[in-house]
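Number of protein chains: 2
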Amino acid sequence: MRWARFEMHGKPTYGIVAGGAIQPGIGIPWESWEAADTKVPFTSVKLLPPVIPMTFYAMGLNYVEHVTLTAQRKGVPVNLPPKADVGYRAINALIAHGEPIIIPKDATEEVQYEAEIVVIIGKKAKHLTPKNALDHVFGYTIGNDVSERTWQAGDRTLWRAKNTDTFKPMGPWIETDVDLDKLVTRVRMNGKETIKFPTNNMHFGIVECLVAMSCYLTLHPGDMVWMGTEGHAPNMKHGDTCEIEIEGIGTLSNPVLREL
Amino acid sequence: MRWARFEMHGKPTYGIVAGGAIQPGIGIPWESWEAADTKVPFTSVKLLPPVIPMTFYAMGLNYVEHVTLTAQRKGVPVNLPPKADVGYRAINALIAHGEPIIIPKDATEEVQYEAEIVVIIGKKAKHLTPKNALDHVFGYTIGNDVSERTWQAGDRTLWRAKNTDTFKPMGPWIETDVDLDKLVTRVRMNGKETIKFPTNNMHFGIVECLVAMSCYLTLHPGDMVWMGTEGHAPNMKHGDTCEIEIEGIGTLSNPVLREL
Chain B
32 MRWARFEMHG KPTYGIVAGG AIQPGIGIPW ESWEAADTKV PFTSVKLLPP VIPMTFYAMG
92 LNYVEHVTLT AQRKGVPVNL PPKADVGYRA INALIAHGEP IIIPKDATEE VQYEAEIVVI
152 IGKKAKHLTP KNALDHVFGY TIGNDVSERT WQAGDRTLWR AKNTDTFKPM GPWIETDVDL
212 DKLVTRVRMN GKETIKFPTN NMHFGIVECL VAMSCYLTLH PGDMVWMGTE GHAPNMKHGD
272 TCEIEIEGIG TLSNPVLREL
Chain Z
32 MRWARFEMHG KPTYGIVAGG AIQPGIGIPW ESWEAADTKV PFTSVKLLPP VIPMTFYAMG
92 LNYVEHVTLT AQRKGVPVNL PPKADVGYRA INALIAHGEP IIIPKDATEE VQYEAEIVVI
152 IGKKAKHLTP KNALDHVFGY TIGNDVSERT WQAGDRTLWR AKNTDTFKPM GPWIETDVDL
212 DKLVTRVRMN GKETIKFPTN NMHFGIVECL VAMSCYLTLH PGDMVWMGTE GHAPNMKHGD
272 TCEIEIEGIG TLSNPVLREL
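Protein chains in written order, with my numbering: chain B, 32 to 291; chain Z, 32 to 291.
The set of hints was computed from the structure by calculation and includes no laboratory data.
Hints may contain errors.
The list treats identical chains as one, so a pair stands whether inside a single copy or across any two.
[To be verified] List of simulated lysine to aspartate or glutamate pairs, EDC-like, C-alpha gap at most 20 Å: (1) LYS114 x ASP186; (2) LYS157 x GLU290; (3) LYS268 x GLU290; (4) LYS77 x GLU224; (5) LYS213 x ASP166; (6) LYS114 x ASP137; (7) LYS213 x GLU62.
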């Protein structure tokens, strides 16, 4: 089932996407939700980021080739993280499918996409086990962890490198029925494929991360975990369109603009 | 004016604290708020963290003596950050005045307080200037940035060192009328003063931080920025009480328990 979050009568609304239409309703899908007696064409609605979480988690350095290529570019030894030490991103940076990624005028050319699967928590959880971890997941969506590489390398934290306004496109919707091992992530820049990788080929898998995190942290319904990316991306420039497809989930597409 | 957030009829409610009582009301103080026609004794309510922000910002290494002592303990040179690169903390860790800080059973003895002033944003803001930055602040409260030092030193991120459940006490309320230069922060462990410092004696001041952050980030009403701490703290252990007073704001007090 596909859950979109969109604007209706000026308010964020959840609805079920099927056959080119959205069935809106009242409530939050992972709490309680009641269908309204109407349908609206999917193309007529303004999509919103599929969730505004309490806490926005992000796994870094979580695919082997990405870690290897990043280390090679920096001229440092390849060190895969020994533990699933999760990081954070910020809500201000979230935008929806279709909205523009806006590169600040003082950013360098080194602004790159990172194609990620996003795990949406459905139930409050602490001390998860490998056996019950996925029972606490509501569904999955797609995230683009846009990064300005010179800020990432030079600042003490990732604040503007990864959390500048518009640097976190997410969507288009949440898919609840997913076979993780069958997923394939593809990125297309201006229609041309730039990378393709098995989505679930992570250094620390979803179950392992949720179990590790929930030893110390209570996960709340609506929290989300961005799972990291593979490979190395080209720079994005004004006028580009960046499309991330995860087969079985959907396609997240965003134009790129540079501030004048 | 002092705004407390507390539980009334099972719901988070904002009210004005004066003369030992709270005047509850409907709404959010920095949006719209209407007083109800009752008052409740302050001591009768269950306080909540004064705000659940969209994004939880935290300045690290923002007082000279704290940076110096931290470097000396690590045996590394003293390097004050050259720029106000802000960091992040997580909502799961927030607790209110009076609630217990719970040290996980596998934490070391090195669990320490960090006494901080917290800035609560009142108006949506981007590209703030030194002249208008403070006009966008709603008020101030107190935060305890509890930290497990071995995890802080050994993990790749600060996730469990600083964001373990209950590691972010905050409160007791938001004070809107504050003369920053007159504030003094004091910490008492079990009633005995362990540190005292001028609250506003920061490496990067509040105005400078808000201006720098808002070059790239939209600040939203209810967002908060924890401004860092001074000095070096002793370890906290089971049975202790940690009290942080900022004269002119209030006192945040929390007992310390260790998980069995």
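Verification of the hints:
no., hint, result
1, LYS114 x ASP186, "between (24 Å within a copy, 8 Å between copies)"
2, LYS157 x GLU290, "between (43 Å within a copy, 14 Å between copies)"
3, LYS268 x GLU290, "within (11 Å within a copy, 52 Å between copies)"
4, LYS77 x GLU224, "neither (27 Å within a copy, 56 Å between copies)"
5, LYS213 x ASP166, "within (19 Å within a copy, 52 Å between copies)"
6, LYS114 x ASP137, "between (35 Å within a copy, 16 Å between copies)"
7, LYS213 x GLU62, "neither (28 Å within a copy, 47 Å between copies)"
Hints 4 and 7 from the list above are not met by this structure, while the remaining hints are.
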